[in-house]
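*Asks:* Protein sequences, first through last, are from chains A and B.
Position one of the first sequence corresponds to residue 637 (the numbering used here), numbered consecutively onward.
Position one of the second sequence corresponds to residue 50 (the numbering used here), numbered consecutively onward.
No wet-lab data here; the hints were simulated from the structure.
Possibly wrong hints are sitting among the right ones.
[Said to hold, decoys possible] Below 27 Å or equal to it, Euclidean Cα-Cα: the simulated DSS-like pairs (lysine-lysine) are:
(1) Lys119/B x Lys700/A
(2) Lys656/A x Lys700/A
(3) Lys691/A x Lys145/B
(4) Lys677/A x Lys145/B
(5) Lys119/B x Lys145/B
(6) Lys145/B x Lys656/A
(7) Lys702/A x Lys119/B
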Amino acid sequence: GAVVSQHPSWVICKSGTSVKIECRSLDFQATTMFWYRQFPKQSLMLMATSNEGSKATYEQGVEKDKFLINHASLTLSTLTVTSAHPEDSSFYICSARDGVRVEAFFGQGTRLTVV
Amino acid sequence: TQLLEQSPQFLSIQEGENLTVYCNSSSVFSSLQWYRQEPGEGPVLLVTVVTGGEVKKLKRLTFQFGDARKDSSLHITAAQPGDTGLYLCAESMAQKLTFGTGTRLTIIP
Numbered sequence: 637g638a639v640v641s642q643h644p645s646w647v648i649c650k651s652g653t654s655v656k657i658e659c660r661s662l663d664f665q666a667t668t669m670f671w672y673r674q675f676p677k678q679s680l681m682l683m684a685t686s687n688e689g690s691k692a693t694y695e696q697g698v699e700k701d702k703f704l705i706n707h708a709s710l711t712l713s714t715l716t717v718t719s720a721h722p723e724d725s726s727f728y729i730c731s732a733r734d735g736v737r738v739e740a741f742f743g744q745g746t747r748l749t750v751v
Numbered sequence: 050t051q052l053l054e055q056s057p058q059f060l061s062i063q064e065g066e067n068l069t070v071y072c073n074s075s076s077v078f079s080s081l082q083w084y085r086q087e088p089g090e091g092p093v094l095l096v097t098v099v100t101g102g103e104v105k106k107l108k109r110l111t112f113q114f115g116d117a118r119k120d121s122s123l124h125i126t127a128a129q130p131g132d133t134g135l136y137l138c139a140e141s142m143a144q145k146l147t148f149g150t151g152t153r154l155t156i157i158p
């Protein structure tokens, strides 16, 4: 199996606050985790790639101080959106790979709404 | 940076019809995955193709990888409403999984 669980599935927060999203691989060890952002009716845009125990590699244009990624264990990565603004509202999705298979497996996504 | 262009961007057809969607790259794929995503959910892996010219079937879905490994197609036979969704191709390179632009498919009952 290859199950990835993402939590929460949706969250509403006030502008200026921080929100943490968790991504867990339930039945395999995720050596690499990816975080994506998806706008309505669009494809997934890669935000960053993280390897367990290392700093995340951010894509061009993604603010690493705003989107804090931690991958402290082989089964958990977190994305913290700091000082959230309404324009950060989006669907955030994580995925994980085990370093053996080429495929990545996805969480259910988190709908973030900043008001 | 490899660009993955999918076409068409949108497709709406009647139940029972056949369709093909395409994924094209500016360079050679090392391997290619196809995913389907339903609204409010994460993408679900359908298939991985690795070898040029490879054809894989998943019930009514047929996936083909181009001989030169720069393009791929997904053909659906006798489409059903349950096939509705966003179809995404994705390529793994240098540890990254990069997605195509997507094809949003709607099957009309």
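*Asks:* So, for every hint listed, does it hold in this structure?
*Replies:* Evaluation of the provided hints:
1. Of the pairs offered as hints, the one joining Lys119/B and Lys700/A is violated, with about 33 Å between alpha carbons and a cut-off of 27 Å exceeded.
2. Proposed proximity of Lys656/A and Lys700/A is supported: the alpha carbons are some 14 Å apart, at most 27 Å.
3. Taking the CA atoms of Lys691/A and Lys145/B, the gap is near 15 Å; set against the 27 Å cutoff, the hint holds.
4. With a C-alpha separation of about 22 Å, the suggested pairing of Lys677/A with Lys145/B holds against the 27 Å cut-off.
5. Of the supplied pair hints, the one linking Lys119/B and Lys145/B holds, its CA atoms being roughly 17 Å apart against a limit of 27 Å.
6. Between the alpha carbons of Lys145/B and Lys656/A the distance comes to roughly 23 Å, so the proposed pair stays at or under 27 Å and holds.
7. Taking the CA atoms of Lys702/A and Lys119/B, the gap is about 36 Å. The hint is violated against a cut of 27 Å.
Hint compliance for this structure: hints 1, 7 are broken, all remaining hints hold.
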